[in-house]
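Participant: Here the protein sequences line up with chains A and B, keeping their order.
So that you can map any letter, position 467 of the first sequence is 467 in the working numbering, and since no number is skipped, the others follow by simple counting.
So that you can map any letter, position 46 of the second sequence is 663 in the working numbering, and since no number is skipped, the others follow by simple counting.
Take these hints with a grain of salt, some might be off.
[Said to hold, decoys possible] Computed footprint of chain A on chain B, listed as stretches where at least three residues anywhere in the stretch have a Cβ under 8 Å from a Cβ of chain A:
hint : segment
1    : 637–648
2    : 675–681
3    : 693–703
4    : 710–724
5    : 738–745
The hints are simulated quantities; they were obtained by calculation from the structure and are not laboratory data.
Ideal Cβ placement from N, Cα and C applies to all residues, glycine included.
Listed below are the residues making up each chain.
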Amino acid sequence: MQISTPKQLKELQQKFQDKDNKLVKKIIVCHGPGCLASGAEKIFEEFQQVLSKKKIKGVTLEALKKTGCHGLCEKAPLVAIEPAGILYTRVKPRLVEDIIEKTVKNDEVIPELLYQDPETKKRVEKYRDIKFYSHQTRIALRNLGHINTADIEDFIRVGGYQAMAKAITKMTPERIIDEVTKSGLRGRGGGGFSTGRKWATCRKVKDDTHYVICNGDEGDPGAFMDRAIMEGDPHSVLEGMIIAAFAVGARSGYIYVREEYPLAVVNLQIAIEQAREYGLLGESIFGTDFSFDIQINRGAGAFVCGESSALMKSVAGEVGEPRAKYIRSVVKGLYDKPTVLNNVETFANVPVIIDRGAKWFTGIGAPKNSGTKAFSLVGKVRNTGLIEVPMGTSLREIIYDIGGGLIDGRPFKAVQTGGPSGGCLPDSLLDSPVDFDSLTKAGSMMGSGGMIVMDDRTCMVDVAKYFLSFLVSESCGKCNPCREGLYQLYKLAVKVSEGRAEEDDLEKMEKLSDMIIIGSLCGLGKSGPNPFLSTVRYFREEYLAHIKEKKCPAGVCRELIRFEINDKCDGCTACILACAYNAITGKKKEPHVINQDLCTHCGACVTVCTRNAIDVI
Amino acid sequence: MKLDITKVPAIIDRHPRKASSLIMILQDIQKEYNYLPSEALHKTAEALDVPMSKVYSVATFYNAFSLKPRGEKVIRVCVGTACHIRGSRQIQEQFEHHLKIKPGETTPDMKYSLEVVGCVGACAMAPVVMINDKYYGTVKANRIKQLVGKG
Chain A
1 MQISTPKQLK
11 ELQQKFQDKD
21 NKLVKKIIVC
31 HGPGCLASGA
41 EKIFEEFQQV
51 LSKKKIKGVT
61 LEALKKTGCH
71 GLCEKAPLVA
81 IEPAGILYTR
91 VKPRLVEDII
101 EKTVKNDEVI
111 PELLYQDPET
121 KKRVEKYRDI
131 KFYSHQTRIA
141 LRNLGHINTA
151 DIEDFIRVGG
161 YQAMAKAITK
171 MTPERIIDEV
181 TKSGLRGRGG
191 GGFSTGRKWA
201 TCRKVKDDTH
211 YVICNGDEGD
221 PGAFMDRAIM
231 EGDPHSVLEG
241 MIIAAFAVGA
251 RSGYIYVREE
261 YPLAVVNLQI
271 AIEQAREYGL
281 LGESIFGTDF
291 SFDIQINRGA
301 GAFVCGESSA
311 LMKSVAGEVG
321 EPRAKYIRSV
331 VKGLYDKPTV
341 LNNVETFANV
351 PVIIDRGAKW
361 FTGIGAPKNS
371 GTKAFSLVGK
381 VRNTGLIEVP
391 MGTSLREIIY
401 DIGGGLIDGR
411 PFKAVQTGGP
421 SGGCLPDSLL
431 DSPVDFDSLT
441 KAGSMMGSGG
451 MIVMDDRTCM
461 VDVAKYFLSF
471 LVSESCGKCN
481 PCREGLYQLY
491 KLAVKVSEGR
501 AEEDDLEKME
511 KLSDMIIIGS
521 LCGLGKSGPN
531 PFLSTVRYFR
541 EEYLAHIKEK
551 KCPAGVCREL
561 IRFEINDKCD
571 GCTACILACA
581 YNAITGKKKE
591 PHVINQDLCT
601 HCGACVTVCT
611 RNAIDVI
Chain B
618 MKLDITKVPA
628 IIDRHPRKAS
638 SLIMILQDIQ
648 KEYNYLPSEA
658 LHKTAEALDV
668 PMSKVYSVAT
678 FYNAFSLKPR
688 GEKVIRVCVG
698 TACHIRGSRQ
708 IQEQFEHHLK
718 IKPGETTPDM
728 KYSLEVVGCV
738 GACAMAPVVM
748 INDKYYGTVK
758 ANRIKQLVGK
768 G
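If we strip away everything but chain B, and leave its shape as in the complex, we get (with noise of 0.2 Å):
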């Protein structure tokens, strides 16, 4: 599949050209293309005028940016210290076992990545795990097969 990266120019023309505008930039074409595409990190460090290597830097510093296509959905297991006590490791395991995966990694059919995350700040219903936008409380070790298939 060949990916179009036609869009880059418009995303980049939402935000002034300084700079400062760097990150921004970036999430907006992870949230179009799911991840850093190559190409568009060469546009961008074009377009604002900084060299490649901080554009690099900047996107390997951060841990919500992806230089790795993920799947349709980002399962994020929330790893907070309310949902460690509470089980969080276990349910990461699940996962990793339901999916064949390790965090970080994206399953061969492009369905599925998995991700832990520091904290998603729902403590009260720990353990939490993310798909996507939506939350899931008080999620069980028994109960992740289930989830694996609503996701």
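The following block holds chain A by itself, in its conformation from the complex (with noise of 0.2 Å):
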């Protein structure tokens, strides 16, 4: 099949819009990063037993889909049941029976299944009334937990493709680059820049071949918006690269995904087969002598590959380097030819801008900062997940009203935002904004949407030296600056963590840090230090404690602190279990003791204690 006019592209939509109209109901197995690692394959392969044995007027095999992420993580594995807009949490293989007996065939609600709302205790029927989905806005994830995963027919059937037939047949390059620009899309994988100008600067460059990259290399650890519209969504990401390819001029295109990845690798290889076989990509789209197509390269593992230029060497086969930037990559970027770089993200917003144009994207969010912005919200929040919240919305809101607020009602110390480039935010910043300038100006930065809440139990020299550890390990090692500076803060880090530190440590820290920041080639070094800078600009008392107290408040740094069990023990053994050293012995039901000598302070019995018998000292 392949689609040569819009007029065909619309009748297409038609066709599979009323296929979709004979479906009574929809079974919605969610198949996210989150889900996925709660075992949705078991629920959807018992799904598809249970309905092919059983007859249920209307329902057949096509009412069960898989698809890309619904967000609420925390509850996974998910099944929704369309069109009654229920969400099912926490779903086991051995209730499907039950909920297509009852929810499917029935139209009964299984209250134990329901969302329960953490302080009114009630359970919350439709999902759209959940608080953490009512506060939210979705433009890069729009598709989401609604269409199949990599499945061309869902992806038309909701208007795919729609904004690129617009693009190519109805407007000038200049005239769609013109829009991109006025819409203020700014670059979603962390550095902001706007992506019109972007485009214009790359397509001013005269040259017989331009480049257009998705980078999907989503290092940062604690993030994985990209990689869920990657799997769930992978069709948007090519129809923002077609469009962007249009306007610049490019002829071939390539994605960088990253190895971690595999289920992305796959999804985006059939959504890129299934457009070649539409005619959506390839010579002569739409009829037109504009010709596209795209190829992907999977990342080795490398967070450096994650920096515009290492990336374009890793894809020209190399060692992921990257370069001094006189010349930015727009202008001599993959193999010296002007190159269009930007993120999942970012190329997934762009059909919508398209279609809906630059004044309605301009409404959402707040000034210089338009549209909404996609976080992966982790760590000590209740509930964890993946959500779009438009620019400005306040931290607070972020952690509180979506997330729910923190795990066991403890009290929140920081949040980090931008991965091992951006930094630790505390409580007196809770209500400011959450877009680019602000981030930047509280000493963190946006990065690519990683948002992590930490509680009174996070160290935040731990945390420093957490990222310390992985921009040491994770530097190309081109530059001195950051393969010994960074090095050496880290050693530092480790000096003050395990309470050797004098307080003149602290300056030669941030005296070591002005130099990475000054000297480095790359964003991984210039902006290596900002985990260390923001906390001790935030929690330098913390760091005194380590230093001046020999003391880890927290109770994470293992020199500082040891650990002993309390009355409260009932004699579960989990702790025993969970000791790797064997340093915890005791019988069944009878109070269990610490051997002080062979502990090592790890904390892996308080992790596992349910009685909080096990008193950090």
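Fit the two chains together into the complex; they arrive one by one in their own frames, and the hints show the way.
Facilitator: Structural data, given as structure tokens:
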């Protein structure tokens, strides 16, 4: 089936809609990252089996859908029943038959499976009424949870590829770029550079070859928005890339996907093949002289390859070392040709902007920060998951209204954004808006959208040490300030966490940070000290406690703490099993004892104790 | 056991004979053999007409490549930020304890390899462990023995 005119595309959409309208019920099994890690595939299989055994009028196997991430990963695995809009949480394979019998067949709701509001303790029937969802605005994630993953028919049904048809057949490249520029769309990968301006610069460079690259190397630990989009809605990414290619005059495109995301590669590949089959990729798209095709490059596990010039080296089959950017990659990028590089979420926004216009887009979000931003809300927060909110939403709203507050009602301590280049923000900044400029001003950054919530049991020195050790192992080693500077900074952070540091070590660390920021070649080094600088800026007293009192107030840094079992212990043996050092002994139903000589203070016992029977001293 | 590297030319032939295919060829070789055998690297260098030094630098730069044979089951403990603050270090130590190996090592019976990985993108289910291609979420330190058995 080759689509050669926009009219044909509309007719196809109608056809797929008619087909879809015939489905009286839809059973949507979420296949997002969280649900997959909680056994979604088994649940899907169980639905297939039960559905093919039972004959329910109007409900065939076609009613069963495998979609991308619904977002509420904390309650995974999730199953939604449409059109009623019921969301079932923590579904188990043995409950599938019940769901089919009661809800699908007889429209009966199973209350135990509904989401329970943590405050009111009420079960919420319609999932739009769940607070987690009602505060969100979904643009980049618009199709996740609604359409089958990597299914072009379902994508066309919801209006997919219409924006691209409009762009190619009704708009000039200049008008597209103008629209994207006016929309104020800024790069969602973290830099926040104007997408439209990037495209305009690239287009202006006179050359026989231009490239478009999608950066799917979501390397920030704690972030999975792009994974969810690539796996759950790959066609949106392709559509955005095709529009970009038409606008800048590119014939080839690349999607660079990180090695850790095998399913993203599979689904993108399926989507590319489907798009080729439908004539949406390839020669003479929509009967015009515009031709474009996309190839996938898998990363090989190097964080630095998220940096544009390193990524381009990696696409070319080389070691991913960044270069000095006296000339930007939009002018001289892949194979020294003008190249537009945007991340997954940015491309997923493009079709909507073309479809609904820049004016609509600027109506959402904050001044100079239009639109929305997707975040992975994780860490010590109740409702962990994937969210999308208008720019300018406050941290408090995200963490408390959407996230439902902290686990076990513990006090909030900090929220980390921006990955290893970002920082930790304290409770005094909870009311500040989340947008590119506000976060940078506060000493963190937007980054790609990881948002890790930390409670009073997270040590800020440990967090800084963690990020520094990550960066030390991921530094490519090309420039000295980053390779050696970060290593020395890491060693000093270890010294603090082990209680061996002097007060002037903090000053040394601050000076060293300045040097690394000034001297490093690329963003990895330039922003590498941020996790340290932001924690020392907002949590200096915690550093001083490690240095002066030789204490870790959060009870994390191993050299400064020890564990003791109190009289709440009921002898359940969970901690004995959890101890990798055989340091805990005791009989069942008798209080256990920790052998301090063998204990390494790792804290594994605390994570499994359900009785609060282990004290950190 | 003699290594059968006769499959290497066919793997190389799946890609354009350009230097830019290097990473993709190495990925396919590793998929086939679970690591990068030295003979295969030489054959790749020859076929693409790139110096062996370049093949070696690429093979050692990227974390995903291994120059040593790896076990049947590759256990990857995610140590991303969300996993870190929810106790991935303890999970890692449990695996070290049960398998008696450190990250980057393989058990002598070639059954298990232990690796740590920056982030597998299942942060909401932290801490996460991957055994080959399968994800395990909300892993508890007292369940590791069981998980090793499962893998």
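Participant: If a hint holds in the structure, say so; if it doesn't, say that too.
Facilitator: A quick look at each hint next to the structure:
no., hint, result
1, 637–648, "holds (count 7)"
2, 675–681, "holds (count 5)"
3, 693–703, "holds (count 8)"
4, 710–724, "holds (count 5)"
5, 738–745, "holds (count 7)"
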